Amino acid sequence: MSTQAPNTTGQPIAFVSAQALRARMHDAVNDPHLRQSFRGAMDFLMAKRAAQFPDEGELDSLRSLSESIRQYSLSKLPDLLEQLEANLIRNGVHVHWAETPDEANAIMLGIARRHQAKLVVKGKSMVSEEIEFNHAMEAAGVGALESDMGEYIVQLAGEKPSHIIMPAIHQTKQQIAKLFAEHIPGVDYTDNVDALIQIGRRVLREKFEIADIGLSGVNFAVAETGTLCLVENEGNGRMCTTVPKVHIAITGIEKVVEKLEHVAPLFSILTRSATGQAVSTYFNMISGPRRGGDRDGPEEVHLVLLDNGRSQAYADEQLRKTLQCIRCGACMNHCPVYTRIGGHAYGTTYPGPIGKIVSPHMMGLEQTHLLPTASSLCGACGEVCPVKIPIPELLIRLRGEAQSAPHANPAMVGQGAGYDAKVSLLWKLWARLYARPATYRAFTWLATRFRFLTPKQQSGWTAARTPLKPAPRRLRDMVKDRR
Amino acid sequence: MSARDRILARLRGNQPAQADALPDLAAHYTPRARGEAKAARLARFRTGIEGFHAEVHVSREADWPALLARLCADKQVGTLMYGANTPAGQRLTGAGCGATTLRPWAGQVEDIKADLFHRVDAGFTQARGAIAETGSLILWSSAEEPRTLSLVPPIHFALLDAATIHPTFYDALVSENWAAGLPTNALLISGPSKTADIQQTLAYGAHGPKELVVIVINAEGDAA
Ligand code: SF4
Chain A
1 MSTQAPNTTG QPIAFVSAQA LRARMHDAVN DPHLRQSFRG AMDFLMAKRA AQFPDEGELD
61 SLRSLSESIR QYSLSKLPDL LEQLEANLIR NGVHVHWAET PDEANAIMLG IARRHQAKLV
121 VKGKSMVSEE IEFNHAMEAA GVGALESDMG EYIVQLAGEK PSHIIMPAIH QTKQQIAKLF
181 AEHIPGVDYT DNVDALIQIG RRVLREKFEI ADIGLSGVNF AVAETGTLCL VENEGNGRMC
241 TTVPKVHIAI TGIEKVVEKL EHVAPLFSIL TRSATGQAVS TYFNMISGPR RGGDRDGPEE
301 VHLVLLDNGR SQAYADEQLR KTLQCIRCGA CMNHCPVYTR IGGHAYGTTY PGPIGKIVSP
361 HMMGLEQTHL LPTASSLCGA CGEVCPVKIP IPELLIRLRG EAQSAPHANP AMVGQGAGYD
421 AKVSLLWKLW ARLYARPATY RAFTWLATRF RFLTPKQQSG WTAARTPLKP APRRLRDMVK
481 DRR
Chain B
1 MSARDRILAR LRGNQPAQAD ALPDLAAHYT PRARGEAKAA RLARFRTGIE GFHAEVHVSR
61 EADWPALLAR LCADKQVGTL MYGANTPAGQ RLTGAGCGAT TLRPWAGQVE DIKADLFHRV
121 DAGFTQARGA IAETGSLILW SSAEEPRTLS LVPPIHFALL DAATIHPTFY DALVSENWAA
181 GLPTNALLIS GPSKTADIQQ TLAYGAHGPK ELVVIVINAE GDAA
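Residue numbers (the UniProt record's numbering), protein chains in the order written: chain A, 1 to 483; chain B, 1 to 224.
One chain only, chain A, in its complex shape:
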């Protein structure tokens, strides 16, 4: 269902064209099952988050602290990346840098080839989705198997995650039961959730035991200690990072913090905002491969640091705030648009509000300029964001970048991609008119007198609404009459 479109750096990335966004949204809102499952799931997640923050003061203080940690880290980003690299190398970890998805995949394929790997088991990693890791591996003849239950389900179904925390949120247990019965040899149909999870456990345990490489994402990378932190509930992240001989972690360059203590508040606000859990089952801090007297753990650990447009966001003071994100998903859980259209309609790896503000940097505005317009600017995302990213402000900024006339030295690749000279002229005239009391008075006088001339078809507006028509009398005239 996806077509290949180039991103900013000319890499192929599975993406459905911007023009198709409206069609997909239309299909999604007309699918009552889809709407029902997302509505139910989002209500559930919102209630669980709210229960974690009974005390407004506590939440405010923790949000401010988390925001300041992320902003501090970004203000020192290049220094922290170098410090992280030095400490990881000291700990025996190999560090790689990739500017593009292709580069990242080539690095990891190189590692897989060196070890003659046949199977990579994967913990949950949105960055690996961002770079289409599974496709790259499969194309090269290396198996890549998702082991997070939700990701495993999505992979069996040949889909992409529809939520960054709960990848299979769009699937019902009956659909999953069918999927398992069809794809897993010897499995009969059961829609008992415990039974389904035990089936997944059995299948994937065999794979953990024999896999050559384990892949994981990173939630926080600690510069001062050279430590990779992973948040998870299932234990598959621990399996992937502990059992195979080689562990490869991949992360965006923005995930670094300076001090180990900085992860304490971020971890707390992450799990509470994401799934409304006081804490996740596991918080896994990895500081190197098997060494000294260690009796298990991987013999090699690699970290791949991916840019893919992040340095473009970094270059602009306002857009830099995009990189504060800790990928909790709260913004999508609270988004009225996401709740109605689901994650797949966006067509990007990251759906929802965070997807709208981060995808344009990864893929260029040419492909993504409609995304920031798919918002009512209600502000819910900004209100719940645990690191206080002003998402609505950024959406307005991105609309501006997309719709302003192309100019030299743009802040973003694809600036002006949504520019329309006619529309822009119309707005300019309107602004002129509005800014001068005399012309505005004249305009409203004319509008009330010639209201019968208003067209019945008003393009996008009348697609779902009755036509606009000026009132027969101006407000100023009505006020005058009253006096």
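These aren't lab readings, by the way, just hints derived from the structure by calculation.
This one's a predicted model, so the numbers in the text were calculated from it and none came from an experiment.
Simulated crosslink set (DMTMM-like; lysine to aspartate or glutamate; CA at most 25 Å straight-line): (1) A:245 <-> B:111; (2) A:245 <-> B:144; (3) B:75 <-> A:194; (4) A:48 <-> B:55; (5) A:207 <-> B:111; (6) A:388 <-> B:20; (7) B:113 <-> A:209; (8) B:113 <-> A:206.
Start from chain A and add chain B with the ligand according to the hints.
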């Protein structure tokens, strides 16, 4: 120029001239410190981790091996793997574990992988400490108690000294200065492995242990 140099150059070229002020974590955590006694910390830890489906048993110091043997019998644990050279391991070796076969971890994981995955019913480790706020155990991997011991067997038994329960994660890592030297793997564990990936329905025993059993010792008295 390498990818590394290009990325760093782009970031350096746009880095704010002045770094932000270092965030003040103590300003958030200090006013929230509860100054609880040991018993109160244990009670909060217990409520927390039981809420995540872990079992908690309190035992007198002298009696925990017998309690462990009883629990193993109840759960029909055929083989329990443990690290023999820790203080707790030595106690266990001496006391035995009733009808359950005690098997010390020996060699590298490669030597015992098949058994670990298919024949060991439970793993026993010490906990380095715990966190009252969230109901979490703290485990540091070591040569004696490797990472997979608390991960692969279907049941994980953990021995916790009540005096090592910290109020928060922040307190634990600051008061013990973790940043000065972390093991290969440091871990917080809050309950048995679980998932809600199918229709938000919670199911336990996803990929890690299906059961987590905590034996708390040294709960008597108030000397922290
Ligand atoms: S933008 Fe904020 S709310 Fe959305 S995923 Fe990122 S941290 Fe969470």
